[in-house]
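Undergrad: One letter stands for each residue in the lines below.
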Amino acid sequence: MQKVLTHWRHIVYSFCGLKLLTMLFPGWGTGIGGDFLSWTIGANLVLHSISTGKFPPLSTYGVYLGIEIILAPFYWLWTILPVEHPSVNLASLDQRTIPAISLIFLMKIPIFLFDIVTLILLMRIVRHLSNSEQKSIAAGLTWFVNPYNFYILYFFGAMDIIPLAIFLLALNFELDGRWFRCGIAAILSSLLRIFALAVYPFFIPLMKTKSSGTNLILGTAIPVALAIGVLYLSGDTLATVFNIPAQEFWLLEFLGFNVLGVQFVRWSPVLVIFQLYVVARFWRWDTNIIYLASVSLLALLLGATLYGGEAQHFLWVCPLLSACVAMRPEDSWIYSLTFFTALISPTVNPFYVWTPEPIVLDTFLAGAFYAMKAVYLVRLNFWNMRSRL
Amino acid sequence: MLVASGHVPIGPWIALYPPLYNQTASNLNQLQSWPLTASLGSDPSLARLSLLFRLPVFLLDLGTMIVLFWTGRRMRSSVEGRLMALVWFLNPFSFFGVELLGLPDVLCILIVALSFLLLVSERPFLSAVAIGLGAFVKLFPIFLLPPLLIYLHLNGVRRNILLAATFVGILGFLGYLGWVLPSGFEYLVIPTPVTQVILFVGGIANTVNPVTFGMFGFYCLQLIFAKKGGPLPMFLSVMLAYYLLAAPGPQYMIWLLPLIAVDIAFADRLKALVISALLAFGFSQWFLVSSAFLTPSSYSLLMFPLGGENLPSLSRMIGSLLDSHLVSIIILPLVSSATFAMLLAYSAEQIRLWFSVPQTQ
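As you go down the protein sequences, you meet chains A and B in turn. Counting in my numbering, the first sequence runs from 1 upward without gaps. Counting in my numbering, the second sequence runs from 390 upward without gaps.
Careful: at least some of the hints might be erroneous.
[Stated by the list, open to error] Here are the simulated distance ranges between beta carbons:
1. A:Pro-329 x B:Ser-510: 53 to 63 Å
2. A:Gly-235 x B:Leu-448: 51 to 61 Å
3. B:Ser-510 x A:Val-375: 27 to 37 Å
4. B:Arg-465 x A:Pro-201: 53 to 63 Å
5. A:Trp-285 x B:Gly-606: 47 to 57 Å
6. A:Ile-228 x B:Glu-575: 35 to 45 Å
7. B:Val-578 x A:Leu-252: 43 to 53 Å
8. A:Ile-11 x B:Leu-612: 55 to 65 Å
9. A:Pro-201 x B:Leu-440: 43 to 53 Å
10. B:Ser-510 x A:Ile-228: 56 to 66 Å
11. A:Leu-24 x B:Ser-709: 52 to 62 Å
12. B:Phe-614 x A:Ile-228: 49 to 59 Å
13. A:Leu-252 x B:Phe-614: 37 to 47 Å
14. A:Trp-285 x B:Phe-514: 43 to 53 Å
Just so you know, these hints were derived from the structure itself, not from any lab. Glycine included, every Cβ here is placed at the ideal spot set by N, Cα and C.
The shape of chain A in the complex, shown without the other chains (with noise of 0.2 Å):
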C-alpha cells in the first residue's frame, strides 16, 4: 500500500490516459447513447438560442439549462472543427465516424476536467482535516481509479460531476472559514442540481461566529438574485420556476417515496430533517463538513426512489465517502462493499446484462446497494456520536 501511495502520481497520470482513450475510442457503450446524447442535443439547442441573440428560456430547458450553458462552448469548438456536421441523433451519429468521435471527445471535456478538478479538492480537502499528504492521496486515489466513478462518468457520461465539484469548492471554502464564498459556490452547485440543497442545514454546527451565518446567507442570496433577474430578463417569471416540477415529473420523485402510507408524507425529507436532529442532538462538536455533508446526501438517497436510486446519482457521495475511507481506513470493508454492490446495481447497463435472469435479480441488487447505503449512514452517525448521549 505504502508503495502504491508513493507512486500516486503515475497511477493518476496512467488513468487520465486511460480516460482520454475512453473518450477517444467510443464503443461499448461509452458513445453517445443514454443522457450523454440528451445532454449533446441540449448543449445544441442552447448554443443556437445564444447564436440568434436570445438568452436560452427556463421555460424550454428546465432544469437542465444551467449545466447545458457550461457545456454549449464545448458543442460550439466541435461546430467549427473542419469535419462534417451531421444533426445530432442517435442515428445519425456513427460512433465509427469522424464526426461522432470528435462529438463525443469535444463533449466528454468537461467531464474529464471537472474529474481533476473534483480529484485536486477532494485531495485539499482531506489534507486540511487529517494535516496527512498519505490520507489525502488515498482519497484522490480511490476518488479517481474508483470502477464505478469511471463507468458512471466516462461510460454513462454523468455531467453531475460539473455541480459536484462546485460542490467540493463549497466544502474547501467553509474549512478556509471564507463563507461568502462558501455559499456561491453551495448555491451555483444547487442550481444546477438540486443536491446540494440537503446539505445547506448542516453548515450550522460548523458556524463558530454570527458572520459565518450572514455571509453565508448573503453568499446566497446574491446568485439567486442574479439568477431571478436573468430569468425575468429572457421573458420568464417565477411563475415558471414553479411550474417546472409539472413539466419535469421525475423531479417530484427527488422527495422521495410514501413509505410510512401517512398522507403527504414523503421518505427523503423526513429522513433528511431526522438526521439534521440526530447530528444536533447526538454529534460531537468537533465534527467535520465532509461527514455532515456525506450523512446529509446519504439521507437524500436513501430517501428517493428513483431520482437517488438511479445509480448515476449516488456520484454526490462518491468523493465524500472516498473522503471518509481515507480518514477511517479501518472501516474500508464498507467502502469496498458499497461501490460493489453499487456496481452491480440494476441501474449501471453494462453488469445489468451480464445477469442472466435480471428480473429475478433486480430486487436483490437493488437492495443490496440500497442496504450499503444505509449501512454507511448509521456508521457514519456512530463514528460521530458523542460517547454519552
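Chain B: place on chain A using the hints.
TA: Leaving out everything else, chain B in the frame of chain A:
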C-alpha cells in the same frame, strides 16, 4: 347535526351542547342547513348559533388552561404554571382547533390534563379515574393507562392501588364501547366527529395489524427500559408513538398539546427548538389540508372569502396560492414530511428521558 341525524352514536357528548340540545326542531333544521359560505356578520341568528356552538368548547379551553397552570405550580412554581397555561391558551394550534373549528376533543384534552395534574399531585387512583373518564368519552386517553401503571409500578405504589387503577381505566374503556357498539360495530372502524377509530382491529386480511404490533411492542419496551423517570416522558412518548403509528391527521396533534405545554416549561434549547418546529410545521400542515381552507368553496375561517366573484385582490392572491400546484405537489409534501420528522425527533427526545432521572419534579 349529529343529534339531528338520529343514528350516529352520540353517547356522553350530548351533554356538551345543552342549549342546542334543547332547541326546537326548526332550530335544528337551521343548524343542519347552516350555510358555510355566509359571513358571520350577515345574520344575527347565525352569530348566536355560532356562539352556542363555540361557548362550551371555549369554557373547556379555559378549564384546560387553569389545569395546566396548577400543574406547573405543583411541579415547580407559578412561573412554570403561567408558561404552561399560556403555551396552551395562546397557541395558534389550540385557537384554530378549539375556537375556530370547534373540535369537541378539548373535553378529553381537559380530562387528560386533569389526570396528569392528579398524578403529579400524588393522587394516582384519581389520575386513573380521570383516564377512565376520558376513555369513556373518547378512546385515546386509554392509551395512557399502561404508562400510568408502569410509572406507578416503578415508583413502588401499592398493588391494590394498581389493581384499582387498572379496573377504573378498563371500566372507562368498556363504557366507551357501551355507547358506541349499540349503533353498530362499524363505528369501531369508521370515524365520526365524536367517536374514534380503533386502529388495533381490522386492516388487511392475513397480515399483522401495524398499530397493534407497534403499540404492544412500544409498551413492552417501555416496561423494560423505563427507569424511575418522571411521568411526563412516559405519557408523551406513548402519545407520540400512537400518533406516529396511527397518523390520524394533523388536527389530532392537539391531543398532545397539554403535555407538550408541560414539557416545554422544562425543555433545554434544542428540545424547545424541536417542539417549536413541530408545532409550526404541524399547524402549517393542518392549515393547508383543513377543509376550512378548501378553495374555491368560498368558505374560509380566515374571515374573508377566497372564492366567488368581486373578490379583493388579496383574497384572489391567497386563494390562487392555496389552489396552486406549488402547494399541492411541493409545499404540502415538504411541510407534512417535516412534521413527521419532527415528531420522530420529539419522540426520540422523550424516549431519551426514560433513562434519566426525573427533571420535572
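Undergrad: With reference to the structure, classify each hint as holding or not holding.
TA: Verification of the supplied hints:
1. Checked against the hint of 53 to 63 Å, the C-beta distance between A:Pro-329 and B:Ser-510 comes to roughly 58 Å, which is consistent with it.
2. Against the hinted window of 51 to 61 Å, the Cβ-Cβ separation of A:Gly-235 and B:Leu-448 comes to about 59 Å, which satisfies the hint.
3. The hint said 27 to 37 Å for the Cβ distance between B:Ser-510 and A:Val-375, and at roughly 49 Å that hint is violated.
4. Range check, B:Arg-465 to A:Pro-201: Cβ separation about 34 Å, and the 53 to 63 Å hint is violated.
5. Checked against the hint of 47 to 57 Å, the pair A:Trp-285 and B:Gly-606 fails, with Cβ atoms roughly 34 Å apart.
6. Checked against the hint of 35 to 45 Å, the pair A:Ile-228 and B:Glu-575 fails, with Cβ atoms roughly 54 Å apart.
7. Remark: the range hint 43 to 53 Å for B:Val-578 to A:Leu-252 is contradicted by a beta-carbon distance near 32 Å.
8. Between A:Ile-11 and B:Leu-612 the beta carbons are some 58 Å apart, a value that agrees with the proposed interval 55 to 65 Å.
9. Against the hinted window of 43 to 53 Å, the Cβ-Cβ separation of A:Pro-201 and B:Leu-440 comes to about 45 Å, which satisfies the hint.
10. Restraint check, B:Ser-510 to A:Ile-228: a C-beta distance of roughly 59 Å satisfies the suggested window 56 to 66 Å.
11. In this structure the hint that A:Leu-24 and B:Ser-709 lie 52 to 62 Å apart at CB holds, the actual value being about 55 Å.
12. For B:Phe-614 paired with A:Ile-228, a C-beta distance near 52 Å keeps the hint of 49 to 59 Å intact.
13. With their beta carbons about 39 Å apart, A:Leu-252 and B:Phe-614 fall inside the hinted range of 37 to 47 Å.
14. A beta carbon spacing of about 47 Å between A:Trp-285 and B:Phe-514 agrees with the range 43 to 53 Å that was offered as a hint.
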